[in-house]
Amino acid sequence: MLGLKSGRMAQPRRFEYTPRFYDPEAEARRKRQLQFVRPSERRSRKTKQPQFIAVGLALAVAFYLFLNIDTIVERVSAFSGWFFTG
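The numbering of the sequence shown is my numbering, which starts it at 17 and goes up by one.
Keep in mind that the hints are not guaranteed to be accurate.
FRET-style restraints, in silico, Cβ to Cβ [what the hints assert, rightly or not]: (1) 70 / 39: 50 to 56 Å; (2) 67 / 33: 25 to 31 Å; (3) 77 / 41: 57 to 63 Å; (4) 66 / 97: 37 to 43 Å.
FYI, nobody ran anything at the bench for these hints, they're computed from the structure. Yeah, the Cβ is synthetic: ideal placement off N, Cα and C, and Gly gets one too.
Work out the full structure: start from the sequences and follow the hints.
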């Protein structure tokens, strides 16, 4: 049977590097330099509560306008009639 092998497959040899000189301070300094922090993440993280409140208020105003659109249209037409009459 071609292509079928019984038994274990040989694993490739692993790469092992043992440094001759290691400076932990230089390694920590290099990691700090490579670390990227977005400017927005530098500031303290704020919750999304103000956005939630703003959306809630906008929905409440839209609902109020939807319920009272007849009154608003009457008042605007009366004001524009008073404003444009000479």
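Verification of the hints:
Checked against the given bound of 50 to 56 Å, the beta carbons of residue 70 and residue 39, roughly 51 Å apart, stay inside it. Between residue 67 and residue 33 the CB atoms are about 49 Å apart, so this pair departs from the stated range of 25 to 31 Å. For the hinted restraint 57 to 63 Å between residue 77 and residue 41, the CB-CB distance of approximately 58 Å keeps it satisfied. The hinted window of 37 to 43 Å between residue 66 and residue 97 holds, with their beta carbons roughly 41 Å apart.
Violated hint: 2 only; the structure is consistent with all others.
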